[in-house]
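Number of protein chains: 2
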Amino acid sequence: MNKSDILEKFGEKIKEYRKQKGFSQEQLAEKANLHRTYIGMIERAEKNITLLNIEKIANALDVKITDLINQQ
Amino acid sequence: MNKSDILEKFGEKIKEYRKQKGFSQEQLAEKANLHRTYIGMIERAEKNITLLNIEKIANALDVKITDLINQQ
Chain A
1 MNKSDILEKF GEKIKEYRKQ KGFSQEQLAE KANLHRTYIG MIERAEKNIT
51 LLNIEKIANA LDVKITDLIN QQ
Chain B
1 MNKSDILEKF GEKIKEYRKQ KGFSQEQLAE KANLHRTYIG MIERAEKNIT
51 LLNIEKIANA LDVKITDLIN QQ
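Chains as they are written, first to last, in full-length UniProt numbering: chain A, 1 to 72; chain B, 1 to 72.
Keep in mind the hints are simulated off the structure, nothing from the lab. Glycine included, C-beta positions come from ideal geometry on N, C-alpha and C. Treat the hints with care, as some may be off.
[Unchecked claim] Per label pair, the in silico range of CB-to-CB distance:
#1 Q27(B) x G22(A): 44 to 52 Å
#2 K21(A) x E12(B): 25 to 33 Å
#3 Q27(A) x D67(B): 26 to 34 Å
#4 R36(A) x E30(B): 23 to 31 Å
#5 K19(B) x N59(A): 29 to 37 Å
#6 E30(B) x Q27(A): 38 to 46 Å
[Said to hold, decoys possible] 30 Å max Cα-Cα, derived BS3-like pairs, lysine-lysine:
#7 K9(A) x K31(A)
#8 K13(B) x K56(A)
#9 K15(A) x K19(B)
#10 K31(A) x K13(B)
[Said to hold, decoys possible] The following residues of chain A were derived to be distant from chain B, with all beta-carbon distances above 10 Å:
#11 E46
#12 L51
#13 D62
Work out the full structure, taking the sequences as your base and the hints as a guide.
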C-alpha cells in the first residue's frame with residue numbers, strides 16, 4: 001500500500017500529541033485499548049485506520065477527532 | 001456489531017450532505033469510487049469506515065472531513 005498523504009499527516013499528528021502528553025507508543029496503545037504495535041504502524045502510515053480506532057486514540061489522547069484530522 | 005454513536009452520527013452526516021447535493025446513494029458511491037451498496041451501509045452505521053474511504057466520500061461531497069465528523 002503506497003503511503004497516502006492523509007494517513008501520513010494523521011500519523012504525524014498522533015505522534016505529535018503523544019509526545020506532548022509524554023506517552024510511549026505502548027502506553028498510548030494500552031490507554032486506547034489497542035494492540036501495542038498498532039500505534040507505531042499508525043504513526044508510520046502503514047495502516048488505514050478505522051473511525052472507531054480514531055475515536056479510541058482521540059479519547060486516549062484527550063483530544064477531539066477533528067484535532068487529529070486537518071485537511072487543507 | 002452494536003451500532004456505535006460515532007458511526008451513527010457519521011452516517012447521518014453523510015446522508016444529510018448527500019441529500020443537500022441531490023445525489024442518490026449509488027451516485028455518491030460512483031463519484032467516490034466505492035461499491036454502490038457501501039454508502040447505504042455507512043449511512044446505516046453498519047460499517048466501521050476507514051480514513052481513506054472517509055476522504056473519498058468527503059471529496060465526492062466536496063466537503064472537508066472535519067465537516068463530516070463532529071464530536072461533542
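C-beta pair R36(A), E30(B): status relative to the range 23 to 31 Å that was hinted: At 40 Å between Cβs, range violated.
K13(B) paired with K56(A) [C-alpha distance capped at 30 Å]: Measuring from Cα to Cα gives roughly 20 Å; hence the hint holds.
Whether the CB-CB distance between Q27(A) and D67(B) falls inside 26 to 34 Å: Once the Cβ atoms are compared, 32 Å apart, the range 26 to 34 Å for D67(B) and Q27(A) holds.
Minimum Cβ distance from D62(A) to chain B greater than 10 Å, as the annotation requires: holds (12 Å)
30 Å Cα cutoff - pair K31(A), K13(B): The given pair, whose Cα atoms are some 29 Å apart, holds under the 30 Å limit.
Beta-carbon spacing of Q27(B) to G22(A) - inside the hinted bounds 44 to 52 Å or not: At roughly 47 Å between Cβ atoms, G22(A) and Q27(B) fall inside 44 to 52 Å, so the hint holds.
Consistency of beta-carbon spacing, N59(A) to K19(B), with hint 29 to 37 Å: holds (30 Å)
Restraint check for K15(A) with K19(B), where alpha carbons must lie at most 30 Å apart: Violated: K15(A) and K19(B) sit about 37 Å apart, past 30 Å.
Satisfaction of hint between K31(A) and K9(A), Cα-Cα up to 30 Å: Measuring from Cα to Cα gives roughly 22 Å; hence the hint holds.
Outcome for the supplied range 25 to 33 Å, where the beta carbon pair is K21(A) and E12(B): holds (31 Å)
Non-interface label on E46(A), tested against every C-beta of chain B at 10 Å: The claim stands: E46(A) keeps its Cβ more than 10 Å from every Cβ of chain B (closest is about 13 Å).
Consistency of beta-carbon spacing, Q27(A) to E30(B), with hint 38 to 46 Å: Hint holds: Cβ distance 43 Å, inside 38 to 46 Å.
Checked against the numbered hints given earlier, this structure breaks hints 4, 9, 12; the rest are met.
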